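Residue numbers (the working numbering), protein chains in the order written: chain V, 1 to 263; chain X, 264 to 526; chain U, 527 to 830; chain B, 831 to 1134.
A couple of the hints might just be wrong.
[What the hints assert, rightly or not] As a list, the in silico DSSO-like pairs of lysine-lysine whose alpha-carbon atoms are at most 27 Å apart:
1) V:246 to V:23
2) X:417 to V:77
3) X:286 to X:464
4) V:197 to U:732
5) B:984 to X:460
6) V:231 to V:252
7) X:496 to V:88
8) X:346 to V:86
9) X:438 to X:417
10) X:494 to B:837
11) V:231 to U:731
12) B:881 to X:509
13) X:415 to V:86
14) V:209 to V:231
15) U:577 to V:231
16) V:77 to X:288
17) V:14 to V:140
18) U:687 to V:201
19) V:175 to V:154
20) V:88 to V:154
21) V:246 to U:533
22) X:494 to V:69
23) V:183 to V:69
24) X:438 to X:415
25) B:881 to X:496
26) X:340 to V:14
27) U:617 to V:231
28) B:1035 to U:533
Just so you know, the hints here were simulated from the structure itself, not pulled from any lab data.
All values derive from a computational prediction rather than experimental measurement.
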Amino acid sequence: MRKFKETGVVENVKIARDIYRLKIKIPDIVNSVEPGQFLNIYFQDSPKIFPRPFSIAGVDDNNILIIYKVVGSQTEKMSYWQKGFKIKVLAPLGNSFELDSENNVSYVLIAGGVGVAPLMFFRDRLFLMGITPYFFIGAKNRNELPIAEDTKSKLYLSTDDRSLGFAGNVVEHFKSMLGSIPKPVSVYACGPNQMNKAMAKLGIEQEMKLQVSLERVMACGLGICQGCTVKIKSATSDCHYSLVCKDGPVFKGEEIILTADER
Amino acid sequence: MRKFKETGVVENVKIARDIYRLKIKIPDIVNSVEPGQFLNIYFQDSPKIFPRPFSIAGVDDNNILIIYKVVGSQTEKMSYWQKGFKIKVLAPLGNSFELDSENNVSYVLIAGGVGVAPLMFFRDRLFLMGITPYFFIGAKNRNELPIAEDTKSKLYLSTDDRSLGFAGNVVEHFKSMLGSIPKPVSVYACGPNQMNKAMAKLGIEQEMKLQVSLERVMACGLGICQGCTVKIKSATSDCHYSLVCKDGPVFKGEEIILTADER
Amino acid sequence: MIDLNTKLGNRLSLSNPILTASGTFGYGDEISDIVDVELYGGIVTKSLTLKPREGNPPPRIVETPSGMINSIGLANIGVDLFLEEKADFLKIYRGKVIINIAGRTDFEYCEILKLLTEENWIDGFEINVSCPNVSEGGIEFGTDPKILSNLTRKLRDLTDKFLMIKLSPNVTDIRIPAETTQKCGADAVSMINTVYGSAIDINTKKPLINSVIGGLSGPAIKPIAIANIIKAYQVIDIPIIGIGGISRGEDVIEFMLAGASAVQLGTVHFYNPLAINEILQFLEEYCSQNNILSIGDIIGKAEV
Amino acid sequence: MIDLNTKLGNRLSLSNPILTASGTFGYGDEISDIVDVELYGGIVTKSLTLKPREGNPPPRIVETPSGMINSIGLANIGVDLFLEEKADFLKIYRGKVIINIAGRTDFEYCEILKLLTEENWIDGFEINVSCPNVSEGGIEFGTDPKILSNLTRKLRDLTDKFLMIKLSPNVTDIRIPAETTQKCGADAVSMINTVYGSAIDINTKKPLINSVIGGLSGPAIKPIAIANIIKAYQVIDIPIIGIGGISRGEDVIEFMLAGASAVQLGTVHFYNPLAINEILQFLEEYCSQNNILSIGDIIGKAEV
Ligand SMILES: Cc1cc2nc3c(=O)[nH]c(=O)nc-3n(C[C@H](O)[C@H](O)[C@H](O)COP(=O)(O)OP(=O)(O)OC[C@H]3O[C@@H](n4cnc5c(N)ncnc54)[C@H](O)[C@@H]3O)c2cc1C
Ligand SMILES: Cc1cc2nc3c(=O)[nH]c(=O)nc-3n(C[C@H](O)[C@H](O)[C@H](O)COP(=O)(O)OP(=O)(O)OC[C@H]3O[C@@H](n4cnc5c(N)ncnc54)[C@H](O)[C@@H]3O)c2cc1C
Ligand SMILES: Cc1cc2nc3c(=O)[nH]c(=O)nc-3n(C[C@H](O)[C@H](O)[C@H](O)COP(=O)(O)O)c2cc1C
Ligand SMILES: Cc1cc2nc3c(=O)[nH]c(=O)nc-3n(C[C@H](O)[C@H](O)[C@H](O)COP(=O)(O)O)c2cc1C
Ligand code: FES
Ligand code: FES
């Protein structure tokens, strides 16, 4: 059950260039959140009025974790928050990644930049179930890689500028490795639009099972403003609009119609 | 010469309930500022767009001092500023208190609440000249008194709630003491509108020389928006508008026409 | 306890003067898990059209300084599905239910009203006249006094329920549509709908709203709403329901002093879903501090 | 180096497309100690009237979310004192000098223009038509096409200098005054003047602006300005000078993409007096990053 809460910052640490991990105390929901879901953070006294959505990157006994990148004024403000700072949040929101119905699939997680966030939470869940997923993470360069090693996954890193790991983007990296991952695969992706598009295309070409977590500008995050639409192809209709905040953020690869002019 | 500067906070300390003293580094103007002048503080990324004017409460070798009270969102933000925080300021602005042309006058300073700020700077100047002024300071209660003792003035404190000093407002306090202050007096006042009005009235009744520092909502503080008008009676005209930011903030007692509907 | 009861003419009374604004609260059920809907005097629904509408292509929303632009394009489930899916929730809702209606022709507005006026759980209608009239070359219903009075009269003839016309601020003189609707028998006017606005992405050179020009809402437009209400209050006697950038209890008082008998909360639901709680608390405090026994006593009391 | 030269029709060229907006920069000399006035393509002066004016009683300004309302009431020194006191400064100023004129009757506008058009250091005129026409019952010059075209034609006949009409957004359809002024021979239109707005003090119940309704400016109105410029650009060929909430270089680009050939900085002077420096730097950067050789190439290039 989603809840609107005034709560406090427990920890806010820099983990890579412009990338931070924020721990927020919300004990009464940690047990009900699912990987793929997100939360809204609200800001007071700002000319920017929309709350900001962030994927849930993990939970512990009392807290929710998020991983965020400073890209504008609100995330910059967040980077100054100190332990104890009071914030308002609404969580959890949206749907979540679905486990594959089959048993012996290879779970493959593909993250571009801070797209890593919901997949880290998903990795935690898989690991608890005894599954060690393949985890592809790409970034522009080594300084922007949110994690460098991982005991809960088979980690594959790539950088656009060749400063670490595979030289190229994360989709190319995954493609290059696809032959060596035991079939069938079940793929989960989250990253910038460009990457999500490339993944959706690859998913259809390779007839892979694919779930993608999308981002859209959101005014409410609640399913009431009808602002965060994405074009969807479904079994029942050729093309209609879905709400990323309510029907998503996770969509099946084959559902997504990412047109050129969408942001 | 007024200057627009990006500079840093040197010190920001609480000195009474909701009242803070802020030290700002502006070495190149400390020698040219005069008591009575004010500065503008600018805020980024706020729905409130006007800069905020504050009287200069003192200077040292490199810094300007202000004393401010938290009354709304911008002053609240200021109260969180820490040493090193970068701010933009424009200083000095406005006119200043004029010394009395006669030699053997009793200087009397009347401050309501944070109206104390410009008068503390004026007191410093007088003290440097070997003059120890009478300094009347009034507040709602003892916790809101910006200073409790003073070596540079003959200090007279009053509180509305009788918690310290004279029981009543600062104008009543001054009136009650008027008989025992050697004549002629030259009076300088700064406080809430209510107090300024009472002082202007008293000044005319008692035919005292009086200078009052006024406050008005200001958009520019520079004399260009024509927003901060006050009605003035002068030698040449019966009534016209002056700009508090440029022609003031200090006006002669007999100039001021404070009408009921002005804030 | 302050008396918050609010009478909007003879056909509608509210337990308090706070309504939801159309399009910012769905049909009431969508966020009833977060907000206590019973705290409102009533719910104004998302604009309903005769047939379901997918709405405009994305992008549909963009943030602007202290505001936002939207061009949802009246995406809604249509009147039939509405009756099927939403009636159960609204029937047990104790506040008032006001259905916002939009259309492309007089006929469409009338058809919806006819369908709904029979439902006894519906307490009134708000008419969104900021829609292009396709029979009149796309000119908005609300901007032409003749088109507006035709529509208002037809709707008045079809219902005995509370009928409120929602005015657009995008006119030279708000007093003209305000007087027009009063003359044609409307019970109240609500104002303001969104203000024309646009924004362009300087990197892609594309508008940040697919329809190019959308509707500006939020705190940025509050002064515009206040100005329009002051003007309208001087020329009409029917109640004005104030809308536009209301975020706090202070804003509600400001709107009522300007002449509003009640208000609607809109965009604030996005940045502070629980605004209603804070607002009701503030109204209590303000009234008791100022010795106001009934909130209605402050309507139009600004010394303008 | 990017080419920032800006041609506004045949009668005026600017070294860059950034002007000051009337009423927010005095007559240029007042803040020349803080801002380098030579950085602007030109100065548009505070509205001048035939006789000096004291302006409205206080309060004249109030802060609103991301904006402000003003009702200065055209406080100004009048045309005679202007010539006496301000000419010296403006004569040696190297940018262009555009005099903003306001009046209560056609006669007043014409008299000022006649007095000033002979001065060779004056490069053009901006006509503030958001003033009540006292001969026509107080209706604003800018809102009635007939009054507007009468005035524009008369002024056009009196000067060969650059003549620009400053349009008000407080109309149902901005295209009508835009087309009217083009037809009557104006060299350009500037838009937008302030938007009607008001605010009330909930403690005193008094309006926070003495004249009750004033003009809203600042970032809050930027989307309104963009929408109006997009609409006007579709119907007129004369240059549009964009005004409304411009704070940053990004905003200038946005206005130009929407159809503005140049822009004016207004309220920003109050909250960031040195905005011009940052803006010029941004224009250089944006153009070089996007391979734009001449800033004029982006005018109207939004894909609307
Ligand atoms: C469901 C969802 C989950 C997200 N999870 C994460 C996460 O785990 N970590 C993280 O760092 N970011 C995440 N984001 C993106 C994050 O919401 C934006 O980075 C943030 O809102 C930017 O705010 P700002 O004020 O700092 O930047 P702004 O100044 O508002 O914008 C800077 C840039 O970010 C883009 N942007 C702004 N808002 C959004 C938005 N709501 N969605 C997408 N792009 C936006 C703008 O177009 C602009 O290019 C998520 C977004 C969504 C919709
Ligand atoms: C020349 C001058 C000198 C000043 N010197 C000092 C000083 O030394 N110390 C100090 O604490 N304050 C001083 N002030 C007042 C100070 O500027 C305001 O308290 C401050 O702007 C409030 O900002 P805010 O955002 O916190 O409050 P807001 O939320 O903006 O307002 C809170 C209250 O303060 C009033 N207020 C807002 N702005 C102004 C303003 N510009 N002038 C007067 N009242 C205002 C409002 O009407 C409201 O009642 C001075 C004002 C002027 C004009
Ligand atoms: C996302 C969104 C959708 C809206 N949809 C409608 C609608 O369907 N019908 C309508 O009459 N008004 C609609 N409005 C306008 C609001 O009801 C309201 O008049 C306007 O937003 C101004 O109020 P506010 O500033 O408090 O939001 C919508 C506004 C927003 C922001
Ligand atoms: C304090 C103030 C005074 C103004 N005075 C005038 C004026 O005398 N004549 C005029 O045509 N416009 C005047 N304006 C309007 C501005 O020139 C400009 O059109 C408007 O403020 C919108 O731009 P902005 O949002 O960048 O300020 C004034 C605006 C302000 C804020
Ligand atoms: S953000 Fe409002 S419906 Fe999705
Ligand atoms: S504040 Fe602008 S003229 Fe004084």
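**Request:** Sort out which numbered hints this structure fails and list those numbers smallest first.
**Result:** 2, 3, 5, 7, 10, 13, 18, 20, 21, 22, 23, 27
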